[in-house]
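All chains, full assembly: derive it from the sequences and hints.
Chain by chain, the residues:
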Amino acid sequence: MSSKLPPPGEPVLRVRGVNHYFGTGETRTQVLFDNTLEVMPGEMVIMSGPSGSGKTTILTLIGGLRTLQEGEIEVWDADRGDYRRLRGVGEDERVSIRRLIGFIFQRHNLFDALTALQNIRMAQRLKPQATPDPDVCAREMLTYLLMGETDLDGRKQKSRFDYKPAALSGGQRQRVAIARALVNRPKLVLADEPTAALDANSGLAVVTLLQELARARPEAELRERVRTAVQAGENGRLAEWQIALLKTIASEHGTTSLIVTHDARIMNLADRIVHMERGRIESNVVVAERLFVREGLRQSPAFAAILPEEQEKLADSLLIGVHPNDPVRPDQLAARPGRLEVYKPGERIIREGDPVNDHSKFYLIRRGTVEVLRETGTATQKLTEMGPGRYFGEVALLLNQPRNATVRALTPVEVYTIDRATFDRYRSVSKPFIDRVLQNFRVFETPRAVEGQA
Amino acid sequence: MRPAPVPLAWCNLTHDKVRFGLFAAGIGFAVVLMGVQYGIMNAMLDSNTVLIERLKCDLILVNPNRASLIFRDAVSSRRVEQAKGVAGVRQVHPVYLEYQTAGLRHTAADPAQRTHTRRVRVIGVDPAADLLDLPEVSPADWQRLNLPGTALFDRQSRPHPDQKNYPGQSVFGPLEPGIRTELAGRAITLIAGFDMGFDFGTDGSLIVSDRTFAEWVRAPLFPVNPLAEADLVAIQLEAGANVRAVQESLQARFPEGDVLVLTRAEMIAREKAFWWQNTPIGFAFGAGVLLGFIVGMVICYQILASDVADHLPQYATLKAIGYTNGYLSWVVLQEALILASAGFVLGMVVTLGTYRLLTDLTGLPMRLTPERGLLIGGLTVLMCAASGWLAVRKVKKVDPADVF
Numbered sequence: 001m002s003s004k005l006p007p008p009g010e011p012v013l014r015v016r017g018v019n020h021y022f023g024t025g026e027t028r029t030q031v032l033f034d035n036t037l038e039v040m041p042g043e044m045v046i047m048s049g050p051s052g053s054g055k056t057t058i059l060t061l062i063g064g065l066r067t068l069q070e071g072e073i074e075v076w077d078a079d080r081g082d083y084r085r086l087r088g089v090g091e092d093e094r095v096s097i098r099r100l101i102g103f104i105f106q107r108h109n110l111f112d113a114l115t116a117l118q119n120i121r122m123a124q125r126l127k128p129q130a131t132p133d134p135d136v137c138a139r140e141m142l143t144y145l146l147m148g149e150t151d152l153d154g155r156k157q158k159s160r161f162d163y164k165p166a167a168l169s170g171g172q173r174q175r176v177a178i179a180r181a182l183v184n185r186p187k188l189v190l191a192d193e194p195t196a197a198l199d200a201n202s203g204l205a206v207v208t209l210l211q212e213l214a215r216a217r218p219e220a221e222l223r224e225r226v227r228t229a230v231q232a233g234e235n236g237r238l239a240e241w242q243i244a245l246l247k248t249i250a251s252e253h254g255t256t257s258l259i260v261t262h263d264a265r266i267m268n269l270a271d272r273i274v275h276m277e278r279g280r281i282e283s284n285v286v287v288a289e290r291l292f293v294r295e296g297l298r299q300s301p302a303f304a305a306i307l308p309e310e311q312e313k314l315a316d317s318l319l320i321g322v323h324p325n326d327p328v329r330p331d332q333l334a335a336r337p338g339r340l341e342v343y344k345p346g347e348r349i350i351r352e353g354d355p356v357n358d359h360s361k362f363y364l365i366r367r368g369t370v371e372v373l374r375e376t377g378t379a380t381q382k383l384t385e386m387g388p389g390r391y392f393g394e395v396a397l398l399l400n401q402p403r404n405a406t407v408r409a410l411t412p413v414e415v416y417t418i419d420r421a422t423f424d425r426y427r428s429v430s431k432p433f434i435d436r437v438l439q440n441f442r443v444f445e446t447p448r449a450v451e452g453q454a
Numbered sequence: 455m456r457p458a459p460v461p462l463a464w465c466n467l468t469h470d471k472v473r474f475g476l477f478a479a480g481i482g483f484a485v486v487l488m489g490v491q492y493g494i495m496n497a498m499l500d501s502n503t504v505l506i507e508r509l510k511c512d513l514i515l516v517n518p519n520r521a522s523l524i525f526r527d528a529v530s531s532r533r534v535e536q537a538k539g540v541a542g543v544r545q546v547h548p549v550y551l552e553y554q555t556a557g558l559r560h561t562a563a564d565p566a567q568r569t570h571t572r573r574v575r576v577i578g579v580d581p582a583a584d585l586l587d588l589p590e591v592s593p594a595d596w597q598r599l600n601l602p603g604t605a606l607f608d609r610q611s612r613p614h615p616d617q618k619n620y621p622g623q624s625v626f627g628p629l630e631p632g633i634r635t636e637l638a639g640r641a642i643t644l645i646a647g648f649d650m651g652f653d654f655g656t657d658g659s660l661i662v663s664d665r666t667f668a669e670w671v672r673a674p675l676f677p678v679n680p681l682a683e684a685d686l687v688a689i690q691l692e693a694g695a696n697v698r699a700v701q702e703s704l705q706a707r708f709p710e711g712d713v714l715v716l717t718r719a720e721m722i723a724r725e726k727a728f729w730w731q732n733t734p735i736g737f738a739f740g741a742g743v744l745l746g747f748i749v750g751m752v753i754c755y756q757i758l759a760s761d762v763a764d765h766l767p768q769y770a771t772l773k774a775i776g777y778t779n780g781y782l783s784w785v786v787l788q789e790a791l792i793l794a795s796a797g798f799v800l801g802m803v804v805t806l807g808t809y810r811l812l813t814d815l816t817g818l819p820m821r822l823t824p825e826r827g828l829l830i831g832g833l834t835v836l837m838c839a840a841s842g843w844l845a846v847r848k849v850k851k852v853d854p855a856d857v858f
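Going down the list, the protein sequences come from chains A and B. Residue numbers for the first sequence follow my numbering, beginning at 1 and rising by one. Residue numbers for the second sequence follow my numbering, beginning at 455 and rising by one.
Note that these hints are calculated values from the structure, not bench results. The reader is advised that the hints may include incorrect statements.
[Said to hold, decoys possible] If the Cβ cut is set under 7 Å, some of the chain A residues that face chain B in the computed set are:
#: 1; residue: V95
#: 2; residue: L114
#: 3; residue: Q124
[To be verified] Pair by pair, the computed Cβ-Cβ distance ranges are:
#: 4; chain 1: A; residue 1: G9; chain 2: B; residue 2: W843; range: 44 to 54 Å
#: 5; chain 1: A; residue 1: S169; chain 2: B; residue 2: V804; range: 36 to 46 Å
#: 6; chain 1: B; residue 1: A727; chain 2: A; residue 2: T67; range: 56 to 66 Å
Think of the CB as a built atom: it goes at the ideal place given N, C-alpha and C, for glycine as much as any other residue.
This is the structure:
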């Protein structure tokens, strides 16, 4: 079975302009307002927000469990190598789209009359299985989820494969349900509070499995989760043998999961956090991008002294919602204007001697390399090259002087920009600190200082 | 490669053994209702045709006006002779029947024990013709029947209602070989017994020779020519003769319209149709069967609907992960069929027991032929499938979005 990923830069899930209404006539109420969201292959997306904010509704729309009323939802079909649209399709098409998705529900909803393995088999029946004995697959997964013959500390225990739900604990039932959702290796997992009923250890096992299904994690990263009970505290831990099994189970990668949760332990591991309020997506943050921008801003003296919350707010106002490893598409750029600028190789970003005005900006390099040049009489002296995470343009803004150097793109470059008004607002907050820096800068205005802070 | 299917319907039903037992008992109850009602109906109709079934013949001549054996209309003896001339006919034998005028004196030897004289059905045949299929009667007994004033008696005659005080006695009194009593006022000796049974028209039968019949039964009424008319004419065909063809040529031989040529099966059907149409048996017991059917449907629907209701989140989950309405409907229908099978087996065991009991108690010939069993089975499946179909609508309405 060949499973393809979408073309580079394209999402596995695309939600565009989705509105949804409950009820009819007088009681018709809008519950979703113009929601737009893209999820890239292998992302683990956490959806957060107060209850009633529409998280679950949007999840059921994506899963094809409800009829899409307005807007567009497309789900990538890895077997077919194409998107499947959910708008205006019949029941049959929606049923076949549902088979692409692994659903983890808040309640386990297992059949009392079936054993753990039989309950999982119900899902396996829907898809041709790679192995002749599908139970092997199901057993491996249950074993990884601590329901096999070995417990977390490697001691023998009675396996629960052939137990019926009545003989299982609440957490064990939920783990069977999770195994049922994941056994067909769906490329998209929709989960509603998957770890709510789980103890810390199995909760961590579930999340780690989702992470590993998304993309292969370095062994070292996983090994950090093998720790003693004391060290782990409430965060849960994995066993040595689980990691080996994890690698077998999650041999295929590229699974995207959309998880509605309030579990802080999971939030820390998310790739993207989508926050909803009153039926709207209020923020859609790629965690890596947020870290990248925050780290970049923290290094700049202009922002180093402001409160961490202010820093975060400023950083979040720059985010474009794309992982810093990936280039930005024009439509993504247009969706959040004024945050990011893109330059072709050779293009000048700022020119030495340009006066500072209201349109002058502060720049943080997201991708690509720039060179910093200064005119020395007749020749042009190349001062330095700068890569992602470095910033430039703040000296002119701080001193209210013309630009003291030229910055030119060497490769395709993407830079986050902060306009002068915003810059000045924060500058006033950090004034004492900045003054000290400026003092420094004025006294020792040397090429070395320029190098760092053109 | 798809893994083996999970027997979801079977597991759902049998998960709780006690509940499943109760379910099967519920459906079984409906099967018993249908089976017993249908059985009694058949027994009542069957009892009227036992005589025809026992006649060893291929075709029967009967007066078209004689809608049932109990009537008097008969076939002229001339027709007997005429039938002999038709190609394919091997033998023709008149059968004489008397329902109304022959009384059998109570057989008790002690006059004080005798109750009133009762009418008995008298069947007159040529003892040498081997016309009746009665394995209990030996050739020697048939031989002895040639003696005028002898009769074979029906051991299955209507039993005396007070079996406590008169064990084994019939309403005619004790019936044993050698008993002497009176038939139509003349002495007669019972020489051997046979098994036939009573019906709506009669409490029991005597078989006598045609000669005894003429002298004892008919001569008092028709002294000149007692055997001028035969009540039925039994026709046996040459080996290999085409029954239909002979039937048609016989019918063509009697254009006057005073004779109807029927096969034995047609004769049986005609007799049954008469009782079906002219008594409330069909309606009463048909309604009983219908009642059983409806009761069964309600029980089955309750079981299936509660199964769907109990498993609503599970069915919704199955829909959410990509099972079709068709699959879920099939699960419900499977459950209906499993219930039908379990209920049928259980119900039939009880039904058969009830048949035995009723036959012992009432003497009605309760018989379960394969066709009748098949009909009950078919009704059971239909009953469960119909309620399954109703329950399927519930499962179709399950909303997968409810599981989140």
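Results for each hint:
Interface restraint check: V95 (chain A) against chain B, minimum CB-CB distance 5 Å, threshold 7 Å, status holds. Annotation: L114 (chain A) was flagged as interfacial toward chain B, and the flag holds, the nearest CB pair being 6 Å apart, inside 7 Å. For Q124 (chain A), the interface hint holds, since its Cβ comes within 7 Å of a Cβ in chain B; the closest pair sits about 5 Å apart. Under the hint 44 to 54 Å, the C-beta atoms of G9 (chain A) and W843 (chain B), about 52 Å apart, fit the expected range.
Between S169 (chain A) and V804 (chain B) the Cβ separation comes to about 43 Å, which falls inside the hinted range of 36 to 46 Å. In this structure the supplied range 56 to 66 Å holds for A727 (chain B) paired with T67 (chain A), their Cβ-Cβ distance being about 59 Å.
When each numbered hint is compared with the structure, no violation occurs for any of them.
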